[in-house]
Amino acid sequence: GNSVTQMEGPVTLSEEAFLTINCTYTATGYPSLFWYVQYPGEGLQLLLKATKADDKGSNKGFEATYRKETTSFHLEKGSVQVSDSAVYFCALRTNTGTASKLTFGTGTRLQVTL
Amino acid sequence: DAGVTQSPTHLIKTRGQQVTLRCSPKSGHDTVSWYQQALGQGPQFIFQYYEEEERQRGNFPDRFSGHQFPNYSSELNVNALLLGDSALYLCASSLFDRAPDTQYFGPGTRLTVL
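Just so you know, the protein sequences line up as chains A and B, in that order.
For the first sequence, position 70 matches number 70 in the working numbering, and the numbering has no gaps at all.
Basically the working numbering = 1-based index in the second sequence + 1000.
Simulated from the structure, these hints should not be mistaken for lab results.
Do not rely on the hints blindly, as some may be mistaken.
Stated by the list, open to error - Cut-off 20 Å, straight-line C-alpha distance, at most; resulting in silico cross-link-like pairs (SDA-like, lysine to any residue): (1) K1026(B) x L48(A); (2) K49(A) x T1102(B); (3) K1026(B) x L46(A); (4) K68(A) x Y25(A); (5) K60(A) x Y1104(B); (6) K49(A) x Y1104(B); (7) K60(A) x K77(A); (8) K1026(B) x Q45(A); (9) K49(A) x F1096(B); (10) K56(A) x P40(A); (11) K49(A) x L1095(B); (12) K60(A) x N22(A); (13) K60(A) x E15(A).
As the list claims (entries may be wrong) - Residues on chain B that point at chain A, a partial pick, calculated with CB under 8 Å: (14) S1033; (15) G1042; (16) F1045; (17) Q1048; (18) Q1056; (19) G1058; (20) N1059; (21) F1060; (22) G1084; (23) A1087; (24) L1090; (25) T1102; (26) Q1103; (27) Y1104; (28) G1106; (29) G1108.
Remember, predicted model here, so these are calculated numbers, not experimental data.
Glycine is no exception: its CB is placed at the ideal position from the N, C-alpha and C atoms.
Let the hints inform the model, and build the full structure from the sequences given.
Here you go:
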C-alpha cells in the first residue's frame, strides 16, 4: 500500500536558518506529491506540489523536488522566519482514475525562534 | 471566492451518541473528501463523495457514513461514538474531472467524545 514517512519533529531553528524536512514515500504507480502546512488551530493549507519525476514545486520561499530514484520529496527553505512555525505534512496521491485520496505522513512540527 | 467551510467549529458529545458534521466545498468544486486527524497524527482518509455517491472509502467502520447534496455540500455522520473518535475532522474539496486534482481543506471540526 501507499505510505509516507517524514522526519520526526520537533525541528527547532533560529530565524534565517536553512530548513530541510525529509520525506520519503512508497507507492504503486506514479504519485503526485504534496506539502501541506497547518498553523496552530487551523486546517491544512496546500504549500506546494509536484506531479511527475524531477518536477520542482515552490511557494513562499519553500521548494521540494520530486526524486523518483530515491522516492523522496524533501522540503527546503533557505531562510526561515518565525511566521513559518507550523506543522508540515508530506502527502501523496496516486493518479489512478479521478477518484482520489491523499495519504499523509505524520507531520513535522517546525518551531522558529528569534 | 469562498473557500471550504465547515460547521460546527467544536463539538462535545458523550459515548454512544451520534454526531453530524457539515461541509460546504470551495466555489466551483464538485467533490468532497473527509479526513480524520487524531492528535499528533496526519489526516486519515475516511471517504469521498461525487455526484451524491460514495466513490472511495478508507479503513473506517460502517459507523461512519456520509451524504452529498445536489449543491455539492456534504455531511459526515458518526454513530455510536467511541472515545477514540475524538479528533479533528477535515473536509476537502476538489474537481472530480481534473486529474491530478488539488484538494483544498476547510478549518475542521474538533470533536471531543467524553
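Here is what the structure says about each hint:
Restraint check for K1026(B) and L48(A): satisfied, since their Cα atoms lie roughly 19 Å apart, inside the 20 Å limit. Taking the CA atoms of K49(A) and T1102(B), the gap is near 9 Å; set against the 20 Å cutoff, the hint holds. Of the pairs offered as hints, the one joining K1026(B) and L46(A) holds, with about 14 Å between alpha carbons and a cut-off of 20 Å not exceeded. As the CA atoms of K68(A) and Y25(A) are separated by approximately 10 Å, the hinted pair is consistent with the 20 Å bound.
Annotation: proposed proximity of K60(A) to Y1104(B) holds, straight-line Cα distance about 18 Å (limit 20 Å). Restraint check: the Cα-Cα separation between K49(A) and Y1104(B) comes to about 13 Å, which is no more than 20 Å; the hinted pair holds. Our distance criterion of 20 Å between C-alpha atoms is met by K60(A) and K77(A), whose separation comes to about 9 Å. With a C-alpha separation of about 13 Å, the suggested pair K1026(B) and Q45(A) falls inside the 20 Å cut-off, and the hint holds.
The suggested pairing of K49(A) with F1096(B) holds, with an alpha-carbon distance near 18 Å, which does not exceed 20 Å. With a C-alpha separation of about 27 Å, the suggested pairing of K56(A) with P40(A) is violated against the 20 Å cut-off. For a cut-off of 20 Å, the pair hint linking K49(A) to L1095(B) stands: about 16 Å separates their Cα positions. Distance check on the hinted pair: K60(A) and N22(A) sit about 18 Å apart at the alpha-carbon level, within 20 Å; holds.
For the proposed pair K60(A) and E15(A), the alpha carbon gap of about 15 Å is at most 20 Å, so the pair holds. Nearest Cβ of chain A to the Cβ of S1033(B): about 7 Å, under the 8 Å cut. The hint holds. Hint on G1042(B) holds. Least Cβ distance to chain A is approximately 3 Å, under the 8 Å limit. Satisfaction of the interface hint for F1045(B) is found here, the shortest Cβ-Cβ separation to chain A being roughly 4 Å, below the 8 Å cut-off.
Restraint check, Q1048(B) versus chain A: the minimum CB separation of about 6 Å is within 8 Å; hint holds. The interface hint given for Q1056(B) is met, as the beta carbon of that residue sits about 5 Å from the closest beta carbon of chain A, less than 8 Å. Proximity of G1058(B) to chain A holds as hinted, the smallest CB-CB distance being about 7 Å (cut-off 8 Å). Residue-level restraint check for N1059(B) is violated (minimum Cβ-Cβ distance to chain A is 10 Å; threshold 8 Å).
Proximity of F1060(B) to chain A is violated relative to the hint, the smallest CB-CB distance being about 12 Å (cut-off 8 Å). Taken as an interface hint, G1084(B) does not check out: its beta carbon lies about 17 Å from the nearest beta carbon of chain A, beyond 8 Å. Of the supplied interface hints, the one on A1087(B) is violated, with its beta-carbon coming no nearer than about 13 Å to a beta-carbon of chain A, more than 8 Å. For L1090(B), the suggested interface contact is upheld, since its CB lies about 6 Å from the closest CB of chain A, less than 8 Å.
Because the smallest distance between the Cβ of T1102(B) and any Cβ of chain A comes to about 6 Å, under 8 Å, the interface hint for this residue holds. For Q1103(B), the shortest C-beta to C-beta distance to chain A is roughly 6 Å, which falls under 8 Å, so the interface hint holds. For Y1104(B), the suggested interface contact is upheld, since its CB lies about 7 Å from the closest CB of chain A, less than 8 Å. Because the smallest distance between the Cβ of G1106(B) and any Cβ of chain A comes to about 5 Å, under 8 Å, the interface hint for this residue holds.
Annotation: interface hint on G1108(B) holds; nearest CB of chain A at approximately 5 Å, less than 8 Å.
Hints 10, 20, 21, 22, 23 from the earlier list are contradicted by this structure; the remaining hints agree with it.
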